[in-house]
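Please model the entire structure based on the sequences and the hints provided.
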Amino acid sequence: MKNLVLENVTVERNHRIVLDGINLSVQAGESIGIFGPNGAGKTTLLNLINGLINYKTGKILVGDVIVNPASSRKIQLITGYVPQNFETDPRIPVLTGTVVLSGCYGKLGLFRYPDSLLIEKAKKIMNQLEITHLFMRPFGQISGGERQKAMIARALMQEPEILLLDEPFSSISERSKETISDIIKRWQEERGSTMLIVSHESTVIEKMCDRVVYLEEGQIVLKEKIYGRL
Amino acid sequence: MDVYSFMFYSWAGAILTGLTCSLIGVMIVTMGISFIGVCMSHAAFAGALAGIIMRINPVFSAFIFCFIVAAILGPVSDRGEIKADTTLGIIFTSSLGLSFLLLPMIPGSKSEGLRFLWGNILTVSDTDLMIVGIVCVLVLISVIAFFKEIQLLIFNRIIAASTGIPAKQIYYLVLFLCGAAITASIKAVGGLLVFALIVNPAAAAYQITYDLKKLFLLSSIFGIASGCLGLFSAFLFNIPAGAPIALCSVLIFITATIFSPKRRFHAR
Ligand SMILES: Nc1ncnc2c1ncn2[C@@H]1O[C@H](COP(=O)(O)OP(=O)(O)OP(=O)(O)O)[C@@H](O)[C@H]1O
Ligand SMILES: [Mg+2]
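Quick mapping for you: the protein sequence lines, in order, are chains A and B. Position 165 of the first sequence, counting from 1, maps to 165 under this note's numbering, and the rest follow consecutively. Position 160 of the second sequence, counting from 1, maps to 160 under this note's numbering, and the rest follow consecutively.
Worth flagging that the hints you see were computed from the coordinates, not collected in a lab. This structure is a prediction, so every number in the text was calculated from the model and none was measured. Among the hints, erroneous ones may be present.
[What the hints assert, rightly or not] Derived DSBU-like pairs: lysine-lysine, alpha-carbon spacing no greater than 35 Å straight-line:
(1) Lys124(A) with Lys214(B)
(2) Lys56(A) with Lys168(B)
(3) Lys59(A) with Lys223(A)
Encoded structure:
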């Protein structure tokens with residue numbers, strides 16, 4: 001699978017430095033927890049690795065590919081991204097099942113549509129996350145926690161080599177959190193995917209990650225191994 | 001022109017314009033970028049006037065103006081940096097200002113310029129019809145070929161990009177087609193009224209279903225119906241067709257809203 005290297009990466013948004021000289025090296029199959037205060041730059045870091053935003057200086061490598069606007073689509077095909085809570089118009093004409101299926105749209109390519117096999121796979125993943133009943137419901141009209149589960153299902157559907165999770169459990173109930181974090185962890189270990197999780201919850205990070213990174217005001221101020229791992 | 005081909009041209013014009021605009025409308029409305037359509041239709045009118053004055057094909061110059069709007073608004077709406085209403089205000093007022101400036105500069109009769117304001121479907125030529133036909137086919141092919149990508153763009157443009165689909169390219173294709181549809185329709189329904197034919201059928205369909213496929217289908221039916229009912233009224237009352245076409249689309253929207261299953265559901 002893919003390793004990940006950030007070398008002295010600096011990001012500016014609206015003439016403000018939001019990430020400042022980030023150095024981070026993640027081995028293939030490793031799982032990193034990222035935490036830090038609001039506005040520290042956690043989401044920016046994930047967007048950056050996904051090729052959604054540009055960086056001013058430094059270098060980012062995914063495997064042996066340098067992340068830049070020319071390679072971003074290649075990177076996006078192999079990274080599954082569960083974004084932080086985002087707004088959705090309740091009337092949006094997209095069903096939850098379609099959202100889950102859309103995880104594989106990039107790999108499927110243009111002019112091709114999911115066949116019954118892929119639909120079965122989507123339903124299986126949704127079943128594991130206990131959201132099969134939402135398949136035909138408009139995505140804008142399901143609850144916040146259900147939406148997060150659907151977005152997690154969507155990322156797993158993509159079978160990514162790198163999994164980026166931004167506060168994936170913030171609206172999910174304690175009980176579901178247990179089972180879903182287990183499912184993701186098992187999934188990641190089976191495939192040897194590399195994983196980055198942004199979370200405020202130390203229990204989640206302790207359970208799912210090999211290492212933690214603490215981000216503050218755009219800088220990494222602490223890198224630490226979690227006991228009993230690696 | 002004999003009366004049969006005259007009738008054929010007008011009805012074919014009404015159907016093709018209605019279909020093209022209403023398909024574009026579904027994408028514009030569900031992506032929440034109606035303001036780009038408004039700006040384009042006003043810019044198209046200014047562009048047509050500029051064309052008349054500079055003695056180039058007004059449809060061509062209208063398209064160039066739409067293209068400029070797309071080039072300005074595409075990146076702005078992509079970054080989400082400026083609020084839509086600010087940009088809308090600036091482009092909207094500058095197009096109108098430019099139009100009012102250009103209108104008196106047209107030598108001789110102003111009717112050729114005003115034609116682009118309210119349109120006249122009864123005077124579409126075979127070239128006009130061909131242009132609408134080509135754009136219509138382009139829009140249909142794009143909607144069918146890129147349906148799943150368009151659906152993902154409607155869902156969320158950033159998430160669409162993060163999936164690894166050519167999100168930007170398809171977004172700009174939609175903007176390009178919107179400009180093409182507006183310029184192709186401007187002679188038939190006019191620069192100010194074309195926007196009604198884009199937004200109203202899609203908005204009416206949106207009152208009825210959440211299913212994107214049905215949305216495209218219903219919107220097309222409403223668009224064609226607006227075109228045909230409007231043309232029929234134009235013949236009946238002997239008036240230019242642009243206004244009745246726009247009003248018919250409004251009527252369809254109101255009817256759909258009243259009978260909307262969504263509305264009844266919300267009211268309960
Ligand atoms: N689109 C943008 N334009 C300008 N500045 C931005 C933009 N998005 C984020 N920022 C800035 O970048 C900094 C980091 O934002 P980011 O969203 O990465 O924080 P975060 O660590 O994810 O915070 P949270 O815990 O609240 O999610 C913030 O100071 C924010 O103001
Ligand atoms: Mg964040």
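Here is how each hint holds up against the structure:
For a cut-off of 35 Å, the pair hint linking Lys124(A) to Lys214(B) stands: about 27 Å separates their Cα positions. Among the hinted pairs, Lys56(A) with Lys168(B) is consistent with the structure: their alpha-carbon atoms are about 21 Å apart, no more than 35 Å. For the suggested pair Lys59(A) and Lys223(A), the alpha carbons sit about 20 Å apart, so the restraint of at most 35 Å is met.
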